[in-house]
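Residue strings, one per chain:
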Amino acid sequence: MLDDILRILRLRAGMGRQTVAWPDGPVRLPERYRGRPAVDPSRCTDGCAACAEACPAGAILDAGKSTMRVDLGRCTFCPACEEACPAGAIAFGKDYRLAARTREELVVSGDAPLLAAALDERARRLFGRSLRLRQVSAGGCNGCEAELNASGNVQFDSSRFGVQFVASPRHADGLVVTGPVTEGMRLALLKTWEATPAPRLVVAVGACACSGGPFRGSPPQHDGLPGVPELSVDLWIPGCPPHPITFLDGLLRLLGRLEGGELRVETTGVVDR
Amino acid sequence: MGNRVLEAWNGIAVDAREIPELPVGDFQQIVSDVVAAGGRVTSMFGTGAGGGGVLVLAALADDREGRLGLLSTRVERAWPSLVPECPSLQGFEREIWEQHGVRPEGHPWLKPLRFERGASPGGEASLPEGDAASSPIPGAYPFFAMSGEEVHEVAVGPVHAGVIEPGHFRFQCHGEHVFHLEIVLGYQHRGVEALLEGGPDRRTIAVVESIAGDTVVGHLLAHLDAREALAGCQPPPRALALRAVALELERLANHVGDLGMLAGDVGFLPTASACGALRAEFLNALAELCGNRFGRGLLVPGGVRFDVTADGAQRLADGLERAWARAEKASDLFFGSPSARNRTDGTGVVTREQALALGLVGPAARASGVSRDVRRDHPSGLFWFRHIPVVTSDRGDVFARAWLRRLEGERSIEFVLRELRKLPGGATRVACGEPAPGKLVVSMVEGWRGEITHVAVTGESGRFTRYKVKDPSFHDWFGLAMALRGEQISDFPLCNKSFDLSYCGHDL
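Top line first, the protein sequences correspond to chains A and B. So for the first sequence, the working numbering puts the first residue at 1; every next one is plus one. So for the second sequence, the working numbering puts the first residue at 274; every next one is plus one.
Hints should not be assumed to be uniformly reliable.
Quick list of the computed label-pair ranges, beta carbon to beta carbon [as the list claims (entries may be wrong)]:
#1 B:His-425 <-> A:Met-1: 39 to 45 Å
#2 A:Arg-170 <-> B:His-425: 19 to 25 Å
#3 A:Gly-47 <-> B:Glu-294: 47 to 53 Å
#4 B:Ala-704 <-> A:Gly-162: 48 to 54 Å
#5 B:Arg-691 <-> A:Gly-88: 49 to 55 Å
#6 B:Leu-680 <-> A:Pro-219: 41 to 47 Å
#7 B:Asp-591 <-> A:Thr-19: 22 to 28 Å
#8 B:Arg-659 <-> A:Thr-19: 46 to 52 Å
#9 A:Gly-162 <-> B:Gly-619: 37 to 43 Å
#10 B:Asp-474 <-> A:Pro-23: 40 to 46 Å
#11 A:Arg-170 <-> B:Leu-542: 48 to 54 Å
#12 A:Thr-19 <-> B:Ala-309: 52 to 58 Å
#13 A:Leu-190 <-> B:Asp-618: 38 to 44 Å
Here's a subset of chain A near chain B, in silico, CB distances under 10 Å, partners left out [said to hold, decoys possible]:
#14 Pro-23
#15 Val-154
#16 Phe-165
#17 Val-166
#18 Pro-241
Just so you know, these hints were derived from the structure itself, not from any lab. Each residue gets a CB set at the ideal place from its N, CA and C atoms; glycine is no exception.
Go ahead and model the full structure; you've got the sequences and the hints to work with.
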């Protein structure tokens, strides 16, 4: 018995501190991590659409024109466009902050950071110190679900911010929706939303929930939450899947608990670019 | 099998016209004889190809000889069900019924596989009105029910308590005792196969990477093996090594994660939190290679997109070695704890006979004493030259499925470290052309859940006229249903996690 306890304590001591330094310290990311792409149409040659032709998600709008934009809600953050572009007009950077309050804000040019605006004061009073969320996977591939689970593990530890996933919508302050909203899950999603007491938040997580992602246009799904007008989305978090810190950054900014635009990223230094 | 089936191998394209088309009776006789002799059906599906009726293609697997047999037949509105003698065909017959309206007469429990018709009204399926498959959503369906004093039903899902995918579980219980569990899936159906048809195109890889987001490398490797076979492309050795490393990293991440989740399900928190964190070390290793924690973007036609320097590979290997050493210690605590073992030992048993009859694959099969592993039986890529020992257990319980993950992790980490420290030189990528027309290829990969099978058929223009995907969960969900028989309903989460099957991989 004592032996068992000692073995457990030894393991615990050997693991050291697991929780990431963020938000007080920098985010540690691999050298090859792809975050917010910088979009610079001034580098484009007129008539070139190599990026759009390579993009699996139809995320590049007005390719090769001065109005070129990337719809991060569709983007799977694969490097195909960057690889195809001969001029470096699209370059993925390390900015992991990707969340926005409106779907339109996810359509970007330039390289200004995406910093989600906070809720109004009343909502911040209600949710700011304790936010209980119910997750609904509506056709999610288990990529976003895995990262949402990870956001609660000892490394990212969402509960240190008072953010937790709960088992019932009755206990929840809002829904986190993943997946392109399959026809099979549409009714269950709406019923879960109805079962959540108002006032309630809706957070769309991942390319599928933001736009249908790789499944956009496929008949058995609804192109994500834009295809479910019954639900009004408070926070859009793109990515395929978004990193747990991208998810937490979006939530904390929404709750008014994280402000400022300084980007602090360290690379792990394991594998070079 | 003689000349009535076309001999083929994993990842080798054949001329689609050479596949014999047999009368239904002969086709079914051969399938049934092969299954009775210990063979397997690794894929069976309908195609809407011209000529009237539905052309059904079957790929039979001879695991001992490492070869496949291809045959086909043409069916109209119905055919006799083989399921009473070959239960492992249950999913294939239901799928062909649902996708093409061919009713398997005498199927013991005919129900839709994923309720596709409701999902795509006006789609190609043309089932008679009132047929169970015409139900608009999964779950609105007459379940198998029992009656009697104090017998009651428990319904769980599609929205579950945890952060997991949707499915519906219907238990027939007497108190805590479970007589029967029926599983209904289909909530996740996104139309994967239809999106792949007409490809390959720029969307194809993104769709394949999202068949199951926890098996990105496994499914994409199956797809690329098929595509390269069709194009006559041979990726260079360095690419094969990095692909195999990625496949095993995916296995390690999921096996370590599962050990943590199993510990969590029995309330053994030291292992749950340690393995939850250590799983990330393996995901982060994938992100070191390609920027994405799930390996998205790493594999491309003709090889891999990213290379790694010798120093980088060495640092990666060193970190992985340390992570695995800690994962071993963390799981030892769990396996050595009498209170945890009290929950896992003898719980949720699937016998070897059941596993064979249901055609289980992957850890679910190996934990029940069925030695089957695509990496050994039907090798492709690096597994032609480098072998990973296959682990089995004869217990078939939750403990066996957990312990197997630990042992498989041990074999995988040895392999990964050896490869990373001694990567072959040369290029990581060669040009891959377009698929040749009129071909068919069966491509199998041992993903972390078991055998992934993709079958690609190209038409005259070299585009996919049919693209069939089979995730290991297609077979293994039935194993979970059997594991629950006679168990306590409170052990369901534990049993479910010991299989850890894919909903979206099944639902496509």
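>> For a quick check of understanding: which of the numbered hints are violated here, in increasing order?
In response: 5, 8, 11, 14
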